[in-house]
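Visitor: One rule links them: number in this note's numbering = place in the sequence shown (from 1) + 23.
Label pairs and their in silico Cβ distance ranges:
(1) 41 - 116: 41 to 47 Å
(2) 167 - 61: 21 to 27 Å
(3) 144 - 75: 32 to 38 Å
(4) 79 - 172: 37 to 43 Å
(5) 172 - 53: 19 to 25 Å
(6) 101 - 34: 36 to 42 Å
(7) 54 - 131: 14 to 20 Å
(8) 54 - 33: 35 to 41 Å
(9) 36 - 75: 54 to 60 Å
(10) 126 - 42: 34 to 40 Å
(11) 119 - 175: 23 to 29 Å
Hint data in this document are derived by calculation from the structure and do not stem from the laboratory.
Just so it is clear, the structure is predicted and the values come from calculations on it, not from any experiment.
Glycine included, every Cβ here is placed at the ideal spot set by N, Cα and C.
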Amino acid sequence: MSTMALLAGAPVVAPVLDAAAAAHATLVNRARSALLESGTATTVSQLAAATGRSVPTARRWVARKRDAARLVAVTLHDGTLLVPTVQLDEAFDLDELIADRTQRLIEYGMGPWAIWDWWQVPNGWLDGRTPTEAAEAGDYDDIDRAIDGLTQ
Numbered sequence: 024m025s026t027m028a029l030l031a032g033a034p035v036v037a038p039v040l041d042a043a044a045a046a047h048a049t050l051v052n053r054a055r056s057a058l059l060e061s062g063t064a065t066t067v068s069q070l071a072a073a074t075g076r077s078v079p080t081a082r083r084w085v086a087r088k089r090d091a092a093r094l095v096a097v098t099l100h101d102g103t104l105l106v107p108t109v110q111l112d113e114a115f116d117l118d119e120l121i122a123d124r125t126q127r128l129i130e131y132g133m134g135p136w137a138i139w140d141w142w143q144v145p146n147g148w149l150d151g152r153t154p155t156e157a158a159e160a161g162d163y164d165d166i167d168r169a170i171d172g173l174t175q
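Generate coordinates for the entire structure from the input sequences, incorporating the hints supplied.
Guide: In structure tokens form, the structure reads like this:
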């Protein structure tokens, strides 16, 4: 008997979205909106212009770094690729010290949006500073302890 025949007399049940799932979706959307409005990311086109590369070359550079788990980028619904700038140095090249920490977050299982958010949100392990602020101060041992706090 086919699946369609089995379902022929079954009642249609509307999908249920419980309050917790709806609340979670709201929080995720708020966090992503805040990141998008924060000015803490660059597009591949902007990265290409800043480095004198072509857009395809810059896109390949981002892809290689992502594939090596050294950099995260998020893709928006319209296909725009955003690279959180905390990962880049003044010349728009990869900041290797940040890449080391980003790689640990990736290995921990965090996705690109979560990692971008992690770098931007005040952290109790860093006395209320953001990991980005700690990096700007050169406090990489403190950032490592904050990552250890996540993974323990």
